[in-house]
Each structure stands twice: as structure tokens, then as C-alpha cells.
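Protein chains: 2
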Amino acid sequence: METRNLIGYSYLPQLGNKFKAVDPSLGTDLPGDFYAASMSEADAAVNLADKAFEIYRNVGKAKKAAFLRSIADGILAIGDDLINRAMAESGLPGPRLQGERARTTNQLYMFADLLEEGSWVEAIIDTAIPDRQLLPRADIRKMMVPIGPVVVFGASNFPMAFSVAGGDTAAALAAGCPVVVKAHPAHPGTSALVAEAVKKAAEKNGMPEGVFSILYDDGYAIGEALVKHPKTKIVTFTGSFKGGMALVKMARERDEPIPVFAEMGSINPVILLPKALEKRAEELAQLSASITTNAGQFCTQPGLLIAIRSEGLERFKKALATAIADVNSATMLTPGIWANYNKLSGSIATNKAVSIIAKSDKVNTANINQGAAVVTEITAEAFLADEKFKEEVFGPYSMLVVADDKAQLEQVVNSLQGQLTASVMAEKDELPEYKNITDRLASLAGRVILNGPPTGVEVGNAIQHGGPFPATSDSRFTSVGTSSIKRFVRPVCWQNWDEDLLPDELKINNPLNIWRLFNNQWTK
Amino acid sequence: METRNLIGYSYLPQLGNKFKAVDPSLGTDLPGDFYAASMSEADAAVNLADKAFEIYRNVGKAKKAAFLRSIADGILAIGDDLINRAMAESGLPGPRLQGERARTTNQLYMFADLLEEGSWVEAIIDTAIPDRQLLPRADIRKMMVPIGPVVVFGASNFPMAFSVAGGDTAAALAAGCPVVVKAHPAHPGTSALVAEAVKKAAEKNGMPEGVFSILYDDGYAIGEALVKHPKTKIVTFTGSFKGGMALVKMARERDEPIPVFAEMGSINPVILLPKALEKRAEELAQLSASITTNAGQFCTQPGLLIAIRSEGLERFKKALATAIADVNSATMLTPGIWANYNKLSGSIATNKAVSIIAKSDKVNTANINQGAAVVTEITAEAFLADEKFKEEVFGPYSMLVVADDKAQLEQVVNSLQGQLTASVMAEKDELPEYKNITDRLASLAGRVILNGPPTGVEVGNAIQHGGPFPATSDSRFTSVGTSSIKRFVRPVCWQNWDEDLLPDELKINNPLNIWRLFNNQWTK
Chain H
63 METRNLIGYS YLPQLGNKFK AVDPSLGTDL PGDFYAASMS EADAAVNLAD KAFEIYRNVG
123 KAKKAAFLRS IADGILAIGD DLINRAMAES GLPGPRLQGE RARTTNQLYM FADLLEEGSW
183 VEAIIDTAIP DRQLLPRADI RKMMVPIGPV VVFGASNFPM AFSVAGGDTA AALAAGCPVV
243 VKAHPAHPGT SALVAEAVKK AAEKNGMPEG VFSILYDDGY AIGEALVKHP KTKIVTFTGS
303 FKGGMALVKM ARERDEPIPV FAEMGSINPV ILLPKALEKR AEELAQLSAS ITTNAGQFCT
363 QPGLLIAIRS EGLERFKKAL ATAIADVNSA TMLTPGIWAN YNKLSGSIAT NKAVSIIAKS
423 DKVNTANINQ GAAVVTEITA EAFLADEKFK EEVFGPYSML VVADDKAQLE QVVNSLQGQL
483 TASVMAEKDE LPEYKNITDR LASLAGRVIL NGPPTGVEVG NAIQHGGPFP ATSDSRFTSV
543 GTSSIKRFVR PVCWQNWDED LLPDELKINN PLNIWRLFNN QWTK
Chain S
63 METRNLIGYS YLPQLGNKFK AVDPSLGTDL PGDFYAASMS EADAAVNLAD KAFEIYRNVG
123 KAKKAAFLRS IADGILAIGD DLINRAMAES GLPGPRLQGE RARTTNQLYM FADLLEEGSW
183 VEAIIDTAIP DRQLLPRADI RKMMVPIGPV VVFGASNFPM AFSVAGGDTA AALAAGCPVV
243 VKAHPAHPGT SALVAEAVKK AAEKNGMPEG VFSILYDDGY AIGEALVKHP KTKIVTFTGS
303 FKGGMALVKM ARERDEPIPV FAEMGSINPV ILLPKALEKR AEELAQLSAS ITTNAGQFCT
363 QPGLLIAIRS EGLERFKKAL ATAIADVNSA TMLTPGIWAN YNKLSGSIAT NKAVSIIAKS
423 DKVNTANINQ GAAVVTEITA EAFLADEKFK EEVFGPYSML VVADDKAQLE QVVNSLQGQL
483 TASVMAEKDE LPEYKNITDR LASLAGRVIL NGPPTGVEVG NAIQHGGPFP ATSDSRFTSV
543 GTSSIKRFVR PVCWQNWDED LLPDELKINN PLNIWRLFNN QWTK
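Chain order of the listed sequences is H and S.
Residue 304 in the working numbering sits at position 242 of the first sequence, with consecutive numbering throughout.
Residue 563 in the working numbering sits at position 501 of the second sequence, with consecutive numbering throughout.
Among the hints, erroneous ones may be present.
The list makes no distinction among identical chains, and a pair is therefore deemed to hold if it is satisfied within one copy or across any two copies.
Here are the simulated lysine-lysine pairs, DSS-like style, with alpha carbons at most 27 angstroms apart [stated by the list, open to error]:
no., residue 1, residue 2
1, Lys424, Lys548
2, Lys290, Lys311
3, Lys290, Lys452
4, Lys414, Lys497
5, Lys80, Lys380
6, Lys548, Lys569
7, Lys80, Lys569
It should be emphasised that the hints constitute simulated quantities derived from the structure, not laboratory data.
All figures in this text were calculated on a predicted structure; none of them were measured in a lab.
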């Protein structure tokens, strides 16, 4: 494993502070020495990315697609070493990481396909009308162009899919933007293995040096330097509200403010309607899996359940308590995340207004940093009285808010801040009665789900993973799916431009055979 | 003329500080008393807009389209009173304002057509695949939904097209967002006349009260209150860098940060290539019109000409000097804009590195606030040495930067900040030689023009009016054309949702007959 900082095609001498990866289930160091990058290395990485941009932005779609596919192939070629290292660094189980690896490579293949299809550039052509009344119309043609170097922060909870060659990197590279990754210090080895695959793919496909770099740091200095670098144009981040907003603030205060796509906290409310509870309380208690899988360390984990007091709800609570009691504790990603989980869930549980209604009985004492599931209950009245109950508790925790009636249920929903997801568990015939509330969910969240858990984010064309502040820093974009490429581009139009000099996407005869809005008609 | 502040369908008692509109060509007060709105009125206007939003967002596209068309019809019905008032308030000539009125109403009709066609919502449908390997695929369907109340700041230089019912308002209303206008104090009467037309159209078409309000203020307090109001979701602004950034800063510092679409300064470089100068120096000198029309008070006015020293350039300068000498001075929009123009252009002209190469000889002394055209010259070396030459001088001013050679020309282009537009005047056969430079223009600007002036912004599908910072606060959006509707929407996806409860745009049988990406195929 090559653990050195990587700028373009060169691994750097190891000069900074040394740090090691830690196995969170044991607290022991893992093999491999990592060294914090220096300020001048951060500077050099972005400068090289900027230089690469001038070439990479003009690399044809077939070559870019081949590059993305090579990265995916390279990741698969690492084999079990990658899964084993990721398991050791994250505490996540093997099958989950195998699934995550498939998701990661599928994302790269998906963007390769998107590039080859080509219509994603949103080409629009209005041809000239020289004899238009009053004023002639000029020939104007518009399409999306890449913006420039992107700094990608690896996320702790997806060591592959939201990390070195995860969705952000795949989308940025597909868009035509070079990437500098700030590796997450909780999984530097996983990062290093994937980074090597990206480097090899770039070299093999003749990509300009600097299209990809990766820097390590167990502190904040390198991340800050990368965000503040004048040639950095975009930042992506998945993590806590505090971390995301720190980056947003830095990016705003630059001479040239730049966008930060930060996916931050979300408690993903799940509304349980009365008839559904009455009819299938026990089935609904299977939400326990969505609450607790992988120690609940998902941005779409359901941290809030909302229902009206009823006999069905009592049955649901009972079934949920049984299910949760049976859930094994799981290693959390880092000691910090574990400590924070215990602090937050513990502090809420000691609140007088709160009672514990479900708790895992199966705490693994052979390992450390064990997140044990807890579900609490609170009245709607008490919930509405204190904003702190709306804060995310990252981990296998959820709170059931019990309303007296429909009006109070609506009040609770209306009190919520922006969310990634909002779900409703309902019988079909009770939905019209709650239309007020279900309509409201589209204002609240980026994804609205009927009769399903919020976890398990589909990667595709229609997915929206992003929601109103504070769930993300920009609700107009998604960080998952093909549309996530839009974070890295902006429109440019060419007026009266020379046909030969225009990008192929905008040539009249449509050599790339893409869908375009041509004189107000969608054609291909 | 109804001069009172308007919230929803109610004109308010006049309680605040009184102010009058001023004829900038004479310095005299115009008829009509306007009163600054109060803080509580600003609060009430946004609250009512938020209330209206819950209804207006669900108003069908046919009704919204009829509403927009009614506004346009109402504006036309005001007749000469509107043109005369706008002339008196802005100093702009009648034909220009007639053209601007046509543009304003055409924008409203254009958005009505866009709504009726319907495909702008970017509907994407991925149907369920219950038997997919590993994991079933859920049914997921995505489309754009309106975000909420928009605060529109009227712009001084387009009293109709970027004001009360201008592009911002038309696009926001089309998107489904209510609008609160902060009227520009330089043309309150024009604003009041148009606002009345909007109010009548809203009433006539049964729109929810609060879909439109307008407040007046000759200071900054009301604008600030509107931007800071927690229920305001989006702000649009066209004006100075300083003004735009003040709003951006306010919007960022809110508990819930919101986007400000500020179109700010731009000097719109025009590169004159050698062969074009050699072949048609005199024809190119017709740029004088683009520099001076309406006292150069356009955001796309060419404030910077860049060329390599040559005999052709000397001929261009001579022809430009002749043309500019013959340009009449014109009344500037406000005494403040006039004073600023004289201060900035005067201060540059007295710089030792700068010479005046063209100057209007025809200064109207019968009127005041007269902007007289000036073109200066500077060497590329001196230009590169001082950032102040890159600042916008709003008015009939341009600076010719003379490079020694192609390398220096490139250096000048590379030194520029983000622009709304960048133009090249070239012979076809010299373009390949300058490809480095012309390629660079797409990084620099939102619109790149060949052999044409940057002024005269086409309103259509393909237009991009927006560019990298500091030209605008967000280069990913346009403030002109059909795509400008995207500033007011965000995507929401529904997962496993009930067919009957989904918006029509997302129903499988496509009742609205719109273009959609359906299982990865564009279909209708």
C-alpha cells in the first residue's frame, strides 16, 4: 500500500506529522504510516489541478468515459485487500462494504454511460433569424461547461462511495473537473488503495497530470488550505452540520466566493399514520432495521418517528421494543463519533420529558466503541417546546413523537427544519385525509417516501439526495445520481460563433447525436 | 396613479417618510408622493407571500399562464402614460422604452408559453424493478418544485424589463413563487403603474392574495428587512457590485442562508484581432454605438477593448474618435450615477498611464446629469500593473488596452475577472491562431460573442446572462431567458409514491404530454 501524499503522478516525500489508522473495534493501530501534507503541497496540488483543467476540460467524452471505467475496474482489481482494510478502519461489516464497493464502481460506470450518451450537457440552440421584425435574432447556442478544480472531502461513513473515488469524484471527473481529495483520517488506508487505482487509471488513459491528487491530514489545516486556495472552484463535503458550515464559511469569505456542496445533518422524519398502525403495527416495527443497521450511521437514518396516540401505536412500540432489544451493538466509525453518540443520546434520555421505549440488550463487550440502539419517546407538546430534540443524533437512535391528534401531528411536521428525506407509512385510503401533511413534505425534504424506510439511497437518474437547509448547503442540487454532475458545471452560450470552433455538442448537424432543445423543439 | 405601498390586494395608509421621483434631466420633482414602507409592512408582505405560496404553488399551469399574460396585457393597456412616466423618471428616450416595454411583455408571454409546454420541470422517472438482482429498485420520480417567496429588487437601468414585472418577477411567478418587489427609488411612478397592472391581473385571475406585493423606500432599510425575513427564500438583484455583495452578505448571515442572484459589475471585454482591424477598422468603430447608447448604462456595455498595436488599430482609433465625437451626451439615470461616472472616468483619465483617444463634443447644456462619452487608451503593461483599471465605469466609457504582441494580448485576457460577456472581432482565417485566447473566453464569461457587440441581450432559450464572480454571485444561473426560471426551483423526488397523489407531471401516462427522462429514455 502506497501511503504517501499524491500530487498528480508523484508520491511525495513524507515530511509532515505522522499518523496511523485505528481499528475502532479494538482501538489498535493499523499498518501503514500516513503523514499530514504541508501547506505548500496543498498549494501545489490545486495549482496542478488547475493546469490539468485546461487540458482535461477538452478531453473527449469517450476518453473520459474510459478513464472512469478504468478507475472502477482498478477498484475491483484490488480485491479483498480493499474490503479487509475498509472493515478494519471503519468497523463496518464485510457484506456492507462489498455492497458499497459495488455502488462505488457502479457510479463510475453510470457516469461513463452518461458521458457517452452525452445529452447531460443541456445543449440549447436558437438559430439566427436575420429578418426578424424590429431586430434580427442572433445565432445563440448554450451548453454546460466544467467550472474548475474540485476539492472533495472524504466522508467517514462511506469509506468508498462518498470518498476518494465516490460519487463526488466520479461526478466531478465526468463533468470535466480535476479533483483534489482530502482523505478522511478515519480510513486513510482504504483511501490510499483507491487513490492508487485512480492514479493508475489516469496514467493508463493518458489523462493530464493533476486530474487527481490526494492529500492526508489528521487535522484541519490541509482541508482549510484547499478550500481557501484561489484556484479551487468547488468543494464537496458529507458530514456534520458543524463541519459543513465551517467549510461554507471559509468558502464565502474568499475573495472569490465558491460553492460548497455540504450534505449535513438530517433526522429524516417518518410519519406513521393511524390506519397503517392499526393494520400493520408489527410490520412497521421493521423500521428497527433502518434505525440500527451499521449502527445507524447513515445520513438518511430515521431519527424521528411521528404518530398519533392510538392502540395501534402501542402495538408498534411493543414490537419495536422487541426488535430493538434483539439488535446487536455495532462498532461505530470512530471513537469521536461513538463518544458523541453516547453523549447526545444519553443527555436526551435523561431529560424528564423523555422516556426510553426500546434499547438493545446485546452489547458486544469484546469490542470497544459499540453503538447500542436506543429509541425514546416524547409528547408532541414537549417536543415542540425545545429545539434541541430536532438535532441529529448520529447513530442507532430514534425518537418517537406522540401527538394527541391530527392537528398536533401537523404542528410537529410544520415545526421541522429542512431534511434529506421525509417518509409516510400509510394505508392508501387514509392518505387523502392527511393531504395537508403529505403535501408539506415536499417543502421539507428532497426525497419523499411512501411506505418504505428512508435508508437505502437508489443511485439513478430520478434520485434526489439533498434537501433544504440545514440538511444541505444547497437544496438545488443532489449529491447522488446522474444529476449530481450539475454541481460542477455552469452554462456558457456562444453567440454568432464560428461553426467549426463550436463544441461538437453545439454543431448544427449534431455529430454526437444528443438530445437538444433546437429552436424550441426537443430533437436528436 | 396609485402610489401607495401594496400588500396583496390592499394599498396601505401612507405613514412613512415621503419622497418624490425626480426627472434627472431637469432635477425637478415629478408628480406623486411615495412613502417609505415600515418594518411591519415588510414583515406583513413576506408573511402574506408565504401564505400565498401554499396555494400558488399548486395553481395549475394554465391558470398561471393566464395570469402572466394578463400582466403583460395590463402593462400594454397603460399605454403612453407608462412610457412618458418612465422617460421622465429615467431620462431614457421613448423608443428605447417602447422597446423595453415590448421586451417586458414578451418575457411574460414567453414564460406563459413555457408553462403551457410544461417540460421545463425536468421530470425524471425511474420505475420500480422489484426483481432486480441484489436489491429491488424502488419507483422514484423527480421534478422541480418552487422554493418560496422571492424578493425582487428593481434595477435602475431597466425600469420595466428588470423591475416590477421584469424578468425576475416573470420567472419567479412562472416557477410558482410569490414575489415581493422592492421598487427602485429612481422610478417609483413607473413601478407603481406596472404594479397596478400586476395587482389587477392577480385579482382577475383569482390568484391567492399575496402572490404579489410592492414596497417603496428611498433608503436601504426595507430592502434589508425583506432580505432578512425568515420566510424570504430567494433574492434577485441587478446593480452594482457593492450593492449586490451587501445583499449576499445579509443573506449568508441569516439563520437559514438563502441564495441571492445578484448580477453585478462587468466590463465586457472586446478583443479586436489584427486581420479584422486591418480589413475593417472603420466598420469595427461602430462599436461606438454599443459603448454610448443610452449613456452606456447597460450591464453588457463594452468597457474594455483589447488589441495588438498595428496600423489597422490606428485606423480604428481614428474612426472611433470621429464616431464618438459625434455622439450626443445623454441624461444619466440618477444624479448619483452621473456623479459616480464623472468621478471614475475623470480619475482614470488623469492617470499618467492613460490618454484620452475619443470624447463626445456634443454635450447638451440645456439639461443636467449629462453623460458624455469618453474612450481612453493604455498600454497592456500599465493595464496589467493596476487592478483599478479592471473596475467597471458605469456609463459611456471604454478603455482601449494596447498590447505589443499576441503573448501580451493573452496575458491581458488571462488577467481578467469573471464577466457577463466576452467578444472577439476577427476574420475567420485568423481565429485558429488565437484559439488559446478564444477558448479562454468560455472560462471568463457567460456569453461569448463573435463579430458582434455585447449589448442587446436576446431573450430566448439559449441565452446565458450571467458569468463567473464578480460578474454575478452565481454563474450557474441566468437572469435572462427561459432558463432563468431555474433560479426559483429545486428538485424533489417521490419514492414509491401513490400514483393518484403525484403531480400530473410525474404520472405514468403523462397527462400533460411533457418531455421526460423515462427509464433513461427521453420521451413524450
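Results of checking the hints against the structure:
Within a single copy, Lys424 and Lys548 get their C-alpha atoms no closer than 44 angstroms, and across copies no closer than 50 angstroms, so neither meets the 27 angstroms cut-off. In this assembly of identical chains, Lys290 and Lys311 lie within 27 angstroms of each other by CA distance both inside one copy and across copies; the values are 10 angstroms within and 18 angstroms between. In this homomeric assembly, Lys290 and Lys452 come within 27 angstroms of each other (Cα to Cα) only across copies, at 23 angstroms, whereas the closest approach inside a single copy is 32 angstroms. With identical chains, the CA atoms of Lys414 and Lys497 are never at most 27 angstroms apart, being 34 angstroms at best within one copy and 71 angstroms at best between copies.
Taking CA atoms no more than 27 angstroms apart as the test, Lys80 paired with Lys380 passes in neither setting, with 50 angstroms inside one copy and 67 angstroms between copies. Taking CA atoms no more than 27 angstroms apart as the test, Lys548 paired with Lys569 passes in both settings, with 22 angstroms inside one copy and 25 angstroms between copies. In this assembly of identical chains, the alpha carbons of Lys80 and Lys569 never lie at most 27 angstroms apart, being 53 angstroms within a copy and 57 angstroms across copies at closest.
Checked against the numbered hints listed earlier, the structure breaks hints 1, 4, 5, 7; every other hint is satisfied.
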